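S.K.: Chains as they are written, first to last, in UniProt numbering: chain A, 1 to 349; chain B, 1 to 129; chain C, 1 to 303; chain D, 1 to 367.
Quick caveat, the hints were computed from the structure, so don't treat them as lab data. A couple of the hints might just be wrong.
[Stated by the list, open to error] Cross-link-like lysine to any residue pairs, in silico, SDA-like; alpha carbons within 25 Å at most:
no.: 1; chain 1: A; residue 1: K219; chain 2: D; residue 2: L119
no.: 2; chain 1: B; residue 1: K123; chain 2: B; residue 2: R109
no.: 3; chain 1: B; residue 1: K23; chain 2: B; residue 2: D35
no.: 4; chain 1: B; residue 1: K56; chain 2: C; residue 2: E280
no.: 5; chain 1: B; residue 1: K56; chain 2: C; residue 2: D225
no.: 6; chain 1: A; residue 1: K219; chain 2: D; residue 2: A117
no.: 7; chain 1: B; residue 1: K56; chain 2: B; residue 2: R71
no.: 8; chain 1: B; residue 1: K56; chain 2: C; residue 2: A231
no.: 9; chain 1: B; residue 1: K23; chain 2: B; residue 2: G106
no.: 10; chain 1: B; residue 1: K56; chain 2: C; residue 2: E228
no.: 11; chain 1: B; residue 1: K56; chain 2: C; residue 2: A276
no.: 12; chain 1: B; residue 1: K56; chain 2: C; residue 2: R31
no.: 13; chain 1: A; residue 1: K219; chain 2: A; residue 2: G250
no.: 14; chain 1: A; residue 1: K219; chain 2: D; residue 2: I115
no.: 15; chain 1: B; residue 1: K56; chain 2: C; residue 2: T203
no.: 16; chain 1: A; residue 1: K219; chain 2: D; residue 2: A120
no.: 17; chain 1: A; residue 1: K219; chain 2: A; residue 2: A159
no.: 18; chain 1: B; residue 1: K56; chain 2: B; residue 2: R27
no.: 19; chain 1: B; residue 1: K56; chain 2: C; residue 2: L279
no.: 20; chain 1: B; residue 1: K56; chain 2: C; residue 2: V230
no.: 21; chain 1: B; residue 1: K56; chain 2: C; residue 2: P277
no.: 22; chain 1: A; residue 1: K219; chain 2: D; residue 2: A116
no.: 23; chain 1: A; residue 1: K219; chain 2: A; residue 2: L309
no.: 24; chain 1: B; residue 1: K56; chain 2: C; residue 2: E227
Keep in mind the model is a prediction, meaning the values are calculated, not measured.
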Amino acid sequence: MIPSSLVPRGPGRSVLRLHRAALWTWLSLVAATSAALLWAYGPGHESALADALRQCPDGIALCDRTSGPWIGRYDTVSALGTIGVAHLSFLVAGWAGAALVGRELENGTAHLAWTQSVSPARWLAAELAVPALFVSAGTTVLVLLHRLMRDGGRDLAWASWYEYDVFRADGPVAVAYALCGLALGALAGLVVGRALPALGVALAAQLAVVVLGNEYRPKLWPVVSVTGTGSVDVPSGAAHLHQGVITAGGARRATSVPCDFADGPNGANGVRCGAEDGASGVWATYHPESHFRPLQLVETGAVLAVAALAVAAAFLLLRRRTAAASPPAAAGRAPGSVPADGSATGASV
Amino acid sequence: MVEYRIDRRSGVATYVQIVQQTKQALRLGVLRPGDRLPTAREVVEATAINPNTVLKAYRELEREGLVEARRGLGTFVRRSLGSVPADRSGLRARLADWLDEAHAEGLEREDMSALFRAALDEKYPEEQR
Amino acid sequence: MSEETAALKAVGLGLRYRRRRGHVLRDCSFRLPAGRVCALVGPNGAGKSTLLSLAAGLIRPTEGTVHVLGTGPAEARERFAYVAQDKPLPPQLTVAGTLRLGADLNRARWDAAAAGRIAYAHHAPDGDRSGSLDPGARIRSLSGGQRTRVALALAFGKRPELMLLDEPMADLDPLARRELLGALMGEAAEHGTTIVLSSHIVTELDGACDHLLLMGGGRVRLAGDPEELVAAHTLLTGPARDLTGHTVVESRGTDRQLTALVRPGGPPGDDWRTAAPSLEEVLLAHLRNPGAPDLVTEGTVNP
Amino acid sequence: MSAATAGDTPGGAAGRSAGTPRAGEAGEAGGAAEARTAKEAAREGAGSDRSPEGGRTGGRARPGVAVLRLHRTALLVWGGYVLAAVAVLVWTVTVTADAALREQARCVGEPVCGIAATLAYGDRIGMVATAVCYGFLVVAAFAGGALFGRELENGTAHLVWTQSVSPARWLAAELAVAALPLLLGSAVLVLSFRWAWSAHRELLGTDWTFADVFVARGPATAAYCLCALAVGALAAVVLRRALPALGVSVASVLALNLVLDGFRPSLWPHVTRTARTPFEVSGSAWQIENGAVVGGRRTAELGPHLCDGTAAEVRRCMAEGDITGYYAAYHPPSHFWPLHLAETGIVLAVAALATGAAFLLLRHRTA
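Next comes chain A alone, as it looks inside the complex (with noise of 0.2 Å):
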């Protein structure tokens, strides 16, 4: 995301050198992770597959019963994959706020930098910088594996497009929330300048806006909304998100079931409502499956003006704490503690 000629050289590399150990856990999970998707998507799916049409030799899509050794491995690995890709940013935002910045500030290393001809804001733009290559990297690398894994998979694959977890795994809002995620971090650790309080306020901060995305998220794009007088026919895969009725004089009445299912022609789930009370019609909401791009592309905006923010703040935050010439440790010093004039030395035993 970021072209490596604007990473600063020095304070770049120190970057790595300081959280190599880092660097390979990082390069082991992309590696161990995309094992697991490539086996979903190739010699687990072919077994999974051959379990099942041992049992529904007419086909898959008929079949209403899908079990087996190799069918349970399947999903099994499957969902570890789709989970795994879809809460990589709360790793992301761990790290960055223990590891990256809370340890440095506590330790010293970060005044360490500061005094090494590298001013405070290069050096957090190299601390952003670097892990944002290899997050960005690493995370589009996996969301690639999971979109593979899931079109080889159509035909096993029982979670849809729209469930959190697969929405979060499957395009690029999953670079975007672990970006946000490192953004949060870093601000969580320069606030907080201690690694373990820094990791717990990172991931709170992270689980709030993975909250808030999943919330607001089917507001993120024009609804699709249908009525009919009996039923409403909403197209097999679509995300379904209201329903009511229509009174008489036209309002409409949400209701939080659908107040009756049937198997519609064509597979279509067909919403009929009987007559209640007058109303005159049904009407329902829904996202089809085809708004999945729109929507990715908003809430991937969305959460990087929200990752922004945080850098922003962060680079605020600390030119606003070193102008004053003074480290941020020094903020917490008791007054009093420390002698004003020479005379009276500090510590003296």
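The hints should help you fit chains B, C and D onto chain A, whose structure is shown.
M.R.: Then chains B, C and D, alone, in the frame of chain A:
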């Protein structure tokens, strides 16, 4: 109470400095018979020297019969060192006269001191240490 | 005098971290009689901190044994105090809370007044108490020197028979160093406490210590009374000559003139001008010449 | 402590003489120090300015109190969490349940009916189940990170070990002081969750076989917490750094939980029922496997609805396929306790192993 001042760069052994300063205090009447010397703890807390050094100095003073250790009470001065307070015999006043004379002759402070020490060494050569 | 019980005794003590990295400490044997004030000196990386950690029982030696107050470090735990080089303290506690922690952990020996004197009593000449510690201040907010003071207060409050202090002076200003040394000497004077202080600056301990351990390259190079150690050496200056008969620590010079620090094996010849070296000269000469033989003066070797 | 150097301060001597020692006091001072010259002198005359209030406290060290002092915040957080969970449960079971029941009553016979309160009831109970069950992950993070990892990393542990408390005793104190509130809190959580979960079963969609509900309804909750504590201690003793120990301990207990989750049905012998005709096991049972008996062999790959139609058609179909009957393997609800206790036992065994390993390693490292 006497206070010791240890000069680490003087080249004089620390315990000798304590012995000398005690004797000087005895000579000047700062310490008189019956006075208590500071405890080893008091001395080392103030001067940050090894306690054994203080004890060695006190043993030396005790060996010379100048002080005595009373069990549980402290180390006390037994006798003063020879000299009587200078003015009773007029010694000090005569020395002051001599200094005025030397000053009139144009002698600097260092010259007077060197002159005095040379005369002293000639008459009473420094005792062996 | 109790020469039987050594406050600290090492026999063939060694430590190495895994095989490939070699020894941090190698074949250390010495004994420190009880009641001494011992300076543990040597350059950075000489093994001073390792030796103190071994004595404190924080790590287990890979070779040899270390005896503390006549027993193992674990058994002697209640009777010695140890202050680590980086003065670790729980950052979330207050100064008073830290001292209460010490009381809880040393119930058998805790002397609250002794600890409080170190932590709070700061005697500025005019009664100014601005430099004294606020009991309610969090450890996290203290300066390095103030933390050192709290760490030392814990050590004093324990009323130990042996104090193992790793670089206790490093964070202190000159006045505080002097006060610390004074307090330590007072402790030694009153209770006969054995004190081991490590430092890489020997001059700051001059006059205070009556025992010296010089470490270099993970070995004990010199051990004994500093005066005896100095007395065992002579500085020889003269025309380049044969130095057989003397143990040469260091020799430098041109064809015509030679300066050598030796342990004389007999009276030097008339051509030599002799001088007494300073303690610092003796120490530096040994550090510059790792091949020079070690010297452990009598009374401090293992029986 | 004394003033600055004697020479520097004219007032110094006066300041010191104010603390003139009382005669005779010196002799008793000194504890068990070796007799030596300085000591002799101290007895002879010097005296001591040891203040009278400097009396020693007696008795054994109290590492437990010290642990409490060091980790008070964590204790408060844990207490707050337990109280909050209980509060949520009480609110849900009283207020939310009332609304849901009223809603249900309204909905009887209604074709269109909102069930928001019923859904909220289920959601909230499920949320607490998740929190109670997976609380051990936070415990692992705390134990590996803040409790043991940070102490070993920043040297606080070393500070304690050189007081009058041995490393083993310190570890034991930390484990015990942490384990006690964990046990108490877990007990409160489990008891209140059991009460809340069974209060209005008709409103709940959650089954006893759900992973989090299964753990949250019994002592396995406490066992997982203790195991997380022990694994955190072991990870910290091995790694001696806070953040890596935190990561490793969380990952380890999560892995243990996932493995046990996978093997959970196998921890106790299940019940197998066979019949000549297709059947359904009770809805409250935990069905593990079902299928047809083909030629005397149980085959899960063949479903119980292979042969449909009239009785004659079914007979023919079964004869053709050599199907002699149908079977189902399942755990009835009465198997909850044996299954749960077996899992608890395994988790506790892991906890004991981790604790033992931590003690052994610590003993091996330190003198």
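S.K.: Take the hints in turn and mark each one as holding or not.
M.R.: Right, here's what the structure says about each hint:
Only pairs whose Cα atoms come within 25 Å are accepted, and K219 of chain A paired with L119 of chain D is accepted, the gap being roughly 22 Å. Our distance criterion of 25 Å between C-alpha atoms is met by K123 of chain B and R109 of chain B, whose separation comes to about 21 Å. Distance check on the hinted pair: K23 of chain B and D35 of chain B sit about 13 Å apart at the alpha-carbon level, within 25 Å; holds. Of the supplied pair hints, the one linking K56 of chain B and E280 of chain C holds, its CA atoms being roughly 24 Å apart against a limit of 25 Å.
With a C-alpha separation of about 15 Å, the suggested pairing of K56 of chain B with D225 of chain C holds against the 25 Å cut-off. Proposed proximity of K219 of chain A and A117 of chain D is supported: the alpha carbons are some 23 Å apart, at most 25 Å. For the hint linking K56 of chain B to R71 of chain B, the alpha-carbon distance of about 17 Å falls within 25 Å, and the restraint holds. At roughly 19 Å between alpha-carbon atoms, K56 of chain B and A231 of chain C fall within 25 Å of each other, so this suggested pair holds.
Restraint check for K23 of chain B and G106 of chain B: the C-alpha separation of about 33 Å exceeds 25 Å, so the hint is violated. For the proposed pair K56 of chain B and E228 of chain C, the alpha carbon gap of about 16 Å is at most 25 Å, so the pair holds. For the proposed pair K56 of chain B and A276 of chain C, the alpha carbon gap of about 23 Å is at most 25 Å, so the pair holds. Simply put, K56 of chain B and R31 of chain C have alpha-carbon atoms about 23 Å apart, close enough for the 25 Å limit, and the pair holds.
Taking the CA atoms of K219 of chain A and G250 of chain A, the gap is about 24 Å. The hint holds against a cut of 25 Å. With a CA separation close to 23 Å, the supplied pair K219 of chain A and I115 of chain D stays within the 25 Å bound. As the CA atoms of K56 of chain B and T203 of chain C are separated by approximately 22 Å, the hinted pair is consistent with the 25 Å bound. A distance of roughly 22 Å separates the Cα atoms of K219 of chain A and A120 of chain D; the hinted pair therefore holds under the 25 Å criterion.
A C-alpha spacing of about 21 Å is found between K219 of chain A and A159 of chain A, which places the hinted pair at or below 25 Å, so the restraint holds. A distance of roughly 21 Å separates the Cα atoms of K56 of chain B and R27 of chain B; the hinted pair therefore holds under the 25 Å criterion. Taking the CA atoms of K56 of chain B and L279 of chain C, the gap is about 21 Å. The hint holds against a cut of 25 Å. This hinted pair checks out: K56 of chain B and V230 of chain C have alpha carbons roughly 19 Å apart, not beyond 25 Å.
For the proposed pair K56 of chain B and P277 of chain C, the alpha carbon gap of about 23 Å is at most 25 Å, so the pair holds. The suggested pairing of K219 of chain A with A116 of chain D holds, with an alpha-carbon distance near 20 Å, which does not exceed 25 Å. About 22 Å separates the Cα atoms of K219 of chain A and L309 of chain A, which keeps this hinted pair within 25 Å; it holds. Straight-line distance between C-alpha atoms of K56 of chain B and E227 of chain C comes to about 14 Å, which keeps the hinted pair within the 25 Å bound.
Checked against the numbered hints above, the structure violates only hint 9.
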